[in-house]
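Visitor: Residue numbers (our numbering), protein chains in the order written: chain A, 1 to 249; chain B, 1 to 281; chain C, 1 to 271.
One should not assume that every hint holds.
What the hints assert, rightly or not - Lysine to aspartate or glutamate pairs mimicking DMTMM-like chemistry, simulated, CA-CA at most 20 angstroms apart:
1) 69/C / 164/A
2) 167/A / 110/C
3) 211/A / 126/B
4) 56/C / 68/C
5) 175/A / 155/C
6) 184/B / 262/C
7) 175/A / 164/A
8) 211/A / 156/A
9) 60/C / 96/C
10) 103/C / 63/A
11) 76/C / 92/C
12) 121/C / 110/C
13) 69/C / 166/A
14) 99/C / 13/C
15) 249/C / 275/B
16) 76/C / 156/A
17) 211/A / 119/B
18) 127/C / 160/C
19) 187/B / 219/B
20) 187/B / 163/B
21) 208/A / 73/B
22) 121/C / 109/C
23) 76/C / 124/C
24) 259/B / 268/C
25) 246/B / 92/C
26) 12/A / 63/A
27) 171/C / 236/B
28) 99/C / 156/A
29) 59/A / 13/C
30) 246/B / 160/C
31) 29/B / 18/B
32) 249/C / 267/B
33) 139/B / 13/C
34) 187/B / 119/B
35) 68/B / 161/B
36) 53/C / 132/A
Claimed, not checked - Example chain A residues on the side facing chain B (calculated, C-beta under 10 angstroms, incomplete):
37) 145
38) 198
39) 202
40) 237
Just so you know, these hints were derived from the structure itself, not from any lab.
Note that beta-carbon positions come from the ideal geometry of N, C-alpha and C, so glycine has one too.
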Amino acid sequence: MSFLEAFSYRRKNTFIHLLDPRTKFSILVSITLLSLGFFSSLIQLLLLSFIIFLLIIAKCFREWLRTMRSMIFLLILIFILNYLTVIHNRFEYSLSMTLRFATLTSAFSLFFLTTTPDELALALESSGIPRDYSLMFTLALRFVPTMARDINIVMDALRSRGLELDKGKFKERIKNYGYLLVPLIIYEIRRSLMVAEALEARAYGAVKNVKLYRPLKMTMKDKIISVITLFLSLTITIISVLCQINLPF
Amino acid sequence: MAVIEISDLYYRYPVSTDWVLKGINFRAKRGEYIILTGPSGCGKSTFARVLNGLIPNFYGGKLRGIAKVMNLDISRTPTYILAKHVGMVFQNPENQLFFSTVEREIAFGLENLGYSSEEISDRVEETLERFNLVHLRNKAPYELSGGQQQRVAIASVMAMDPEILVMDEPTANLDPLSALEILKLVKENIVSRGKLAIVIEHRLELALRFATRIVVMVDGRIIADGQPFETLQSVENIVGVPKIVKLYYRLLNKGVYLKNPPRSPEEMATYICSELGARDD
Amino acid sequence: MIEVVDVYYEYADGTRALNGVSLRIGKGEIVAIMGENGAGKTTLVKHFNGLLKPTKGTVKINGIDTREKSVAELSKIVGIVFQNPDHQLFADTVEEEIKFSLKNFNFSEDVISSRIKWALKIMELEKYSRKSPYTLSVGERKRLAIASVLAYDPEIIVLDEPTAGQDWIQKEKISEIINLLKHMGKTIVIVTHDIEFVLERVNRIILMANGKIIADGKKREILSNIRILERARLIPPQIPHLSYLLYEKGVIDRRDILFLDELLRELEARL
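Sequences are here, hints too, so could you generate the full structure?
Guide: Dropping the structure here:
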């Protein structure tokens with residue numbers, strides 16, 4: 001589960017946490033765009049350092065580091081696979097691909113570490129997406145940890161009944177994990193019914209045009225930051241495409 | 001005036017051929033604290049769901065007889081309108097909490113009812129205050145204890161200011177002290193404000209201190225309904241009577257009359273002492 | 001026999017669930033482990049079949065260090081019945097459900113079929129043998145979960161919150177089951193906060209708070225000690241509580257009364 005840690009929200013009171021989710025989303029989009037648009041490993045490295053800089057401001061560096069550590073194997077694998085399949089410029093290419101993967105993961109990690117599911121849902125709702133969908137989104141994220149806990153309980157029960165989950169041939173292991181699904185599916189179906197009841201009991205769907213308790217507000221700070229990031233990243237992309245600049249590195 | 005009026009109510013679920021409720025007659029007033037109990041499968045949960053219209057509006061099935069809440073016919077009134085009159089709290093607090101902060105949780109129902117942002121804010125503040133949740137306002141469900149979660153669940157439905165609160169085994173997942181705190185909260189915060197509370201509960205030794213009335217269901221029927229002590233005595237083999245109540249009746253058999261039947265060990269001790277004092281005089 | 005020596009346990013997220021726990025439970029004992037939610041009760045019993053291994057200290061089952069054996073091997077000695085039956089029913093029929101663990105433990109076919117019959121009979125589930133576990137009532141599902149553990153005949157049986165959310169009639173049934181297990185000579189560990197239930201069924205009580213054992217002794221000693229129960233955030237049982245109050249007021253001379261008849265006898269002398 002340590003991999004998922006980098007994508008679950010930590011409450012902290014930092015500059016980054018307090019930004020509007022849409023601002024953070026624009027940063028995420030810009031970084032993704034730049035990372036995908038440029039090939040050079042130096043640019044990937046620059047982007048990565050920028051994200052690390054933001055992570056430090058957001059006081060989430062340690063959570064990020066822990067995840068990166070658990071991903072080292074994956075990163076090495078990406079490097080090796082690229083190295084084996086590419087013919088020209090092998091080293092530079094593989095390095096860049098590996099760094100790109102790290103950059104993209106880190107960018108998403110930064111976003112999810114500093115944005116609550118509620119804020120995300122609010123952002124969706126404020127941009128005109130119907131309440132049904134934003135609520136669905138909230139619930140999906142809300143029950144991830146609960147389901148993770150259920151999985152653990154069921155696994156404990158299975159192991160206590162003598163099932164060795166990770167023993168035997170591949171096919172057998174798949175079958176073992178199949179046992180996990182029976183109680184889980186039934187349990188989660190029941191849970192969804194209970195959640196639906198609870199939503200009814202809170203008058204969900206009574207009024208079409210709801211007013212939000214705390215509607216999202218873009219502050220001046222948010223507006224400036226979003227405009228600058230989007231503008232900068234677009235300019236860089238356009239210039240590089242138009243001029244076909246071959247950067248010296 | 002009765003806020004709930006149910007007469008000769010029958011109900012069966014859509015795919016079933018058996019009636020789950022078989023001729024229920026029930027009336028309740030404001031200011032009552034009703035404990036609803038009985039063996040599992042007796043239809044208490046089904047009955048509770050009739051009271052806020054989840055049955056039949058959400059579940060379907062066949063409903064016969066009269067069921068009125070605040071003079072609204074429940075089969076003709078949508079659940080979201082009934083939600084304004086009947087707050088419903090369920091067994092598992094976790095499945096009733098959807099948001100990552102307590103304040104947003106409380107605001108949710110108010111948003112759904114279409115209040116203005118200012119009114120929502122006012123009511124959220126008032127509710128946080130009333131349910132002693134101000135210090136927890138920014139907490140996520142997983143940062144709260146089971147008892148606190150259930151308190152938030154209650155606050156979230158009570159924020160909509162219903163006259164009636166119905167709870168389906170709200171304490172089943174809690175430890176005894178947290179359970180007692182929840183039952184006490186309902187007494188002090190809801191019943192004492194002139195609202196009606198109907199609580200499904202198995203642990204009578206905890207609930208007895210607060211109940212003004214006990215209703216016992218068996219196999220889809222109400223078999224006893226009334227003043228707590230008389231009711232308990234009549235259903236001794238079905239619901240397990242608290243030990244001090246048993247002691248009271250054993251003493252009575254031996255010719256010892258205490259002032260009142262006891263609702264807690266503390267009360268019983270006082271009654272015994274005053275009986276002894278009276279004899280010494 | 002269960003031997004726990006100075007065990008500490010810390011979860012991956014850094015929560016300390018056990019803070020130096022030591023205890024011995026002998027063969028044939030009936031013990032209740034009590035305390036509020038989060039006191040560490042479930043964490044402790046998960047050490048008994050090796051689901052959790054101590055961060056520090058040792059747990060030995062019949063002299064075997066749990067670190068040296070797999071969960072499957074230990075589970076054959078220590079059967080744990082978890083709180084919610086819906087988390088531990090995996091098969092299509094009631095019969096298959098009981099067969100599941102027997103197959104995992106490699107019993108022979110004829111032993112399997114006789115054990116299934118036996119377990120179904122004891123738990124009064126015979127008539128459901130070909131039904132899906134999920135069509136049973138809550139109480140029946142609970143009994144099926146117990147049956148599936150009982151079938152492979154573990155020496156030690158751990159029941160996690162057996163009475164939580166159960167009605168009075170079901171509680172009586174569970175009580176009969178415990179009696180039966182007692183007669184079979186099993187060691188029984190009950191994790192619970194149902195203090196009235198414990199009062200009549202166990203001999204020894206272990207109280208936990210904040211990952212530590214704060215009391216361990218005979219039930220009469222523990223249940224009449226109102227102060228220590230309060231420390232474990234438990235509500236005292238009614239009769240011992242009342243007796244304690246009457247003792248404080250000088251009405252009766254004994255403060256360790258547990259049962260209604262005992263108190264009645266004391267009171268008759270005064271009233």
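Visitor: Now tell me if each hint is right for this structure.
Guide: Here is how each hint holds up against the structure:
no., hint, verdict
1, 69/C / 164/A, "holds (12 angstroms)"
2, 167/A / 110/C, "violated (25 angstroms)"
3, 211/A / 126/B, "holds (19 angstroms)"
4, 56/C / 68/C, "holds (15 angstroms)"
5, 175/A / 155/C, "violated (29 angstroms)"
6, 184/B / 262/C, "violated (31 angstroms)"
7, 175/A / 164/A, "holds (11 angstroms)"
8, 211/A / 156/A, "violated (45 angstroms)"
9, 60/C / 96/C, "violated (32 angstroms)"
10, 103/C / 63/A, "violated (43 angstroms)"
11, 76/C / 92/C, "violated (23 angstroms)"
12, 121/C / 110/C, "holds (17 angstroms)"
13, 69/C / 166/A, "holds (15 angstroms)"
14, 99/C / 13/C, "violated (36 angstroms)"
15, 249/C / 275/B, "holds (13 angstroms)"
16, 76/C / 156/A, "holds (14 angstroms)"
17, 211/A / 119/B, "holds (10 angstroms)"
18, 127/C / 160/C, "violated (26 angstroms)"
19, 187/B / 219/B, "violated (29 angstroms)"
20, 187/B / 163/B, "holds (14 angstroms)"
21, 208/A / 73/B, "violated (24 angstroms)"
22, 121/C / 109/C, "holds (19 angstroms)"
23, 76/C / 124/C, "violated (23 angstroms)"
24, 259/B / 268/C, "holds (17 angstroms)"
25, 246/B / 92/C, "violated (44 angstroms)"
26, 12/A / 63/A, "holds (13 angstroms)"
27, 171/C / 236/B, "holds (15 angstroms)"
28, 99/C / 156/A, "holds (18 angstroms)"
29, 59/A / 13/C, "holds (18 angstroms)"
30, 246/B / 160/C, "violated (29 angstroms)"
31, 29/B / 18/B, "violated (31 angstroms)"
32, 249/C / 267/B, "holds (13 angstroms)"
33, 139/B / 13/C, "holds (18 angstroms)"
34, 187/B / 119/B, "violated (27 angstroms)"
35, 68/B / 161/B, "holds (19 angstroms)"
36, 53/C / 132/A, "violated (45 angstroms)"
37, 145, "holds (6 angstroms)"
38, 198, "holds (4 angstroms)"
39, 202, "holds (4 angstroms)"
40, 237, "violated (35 angstroms)"
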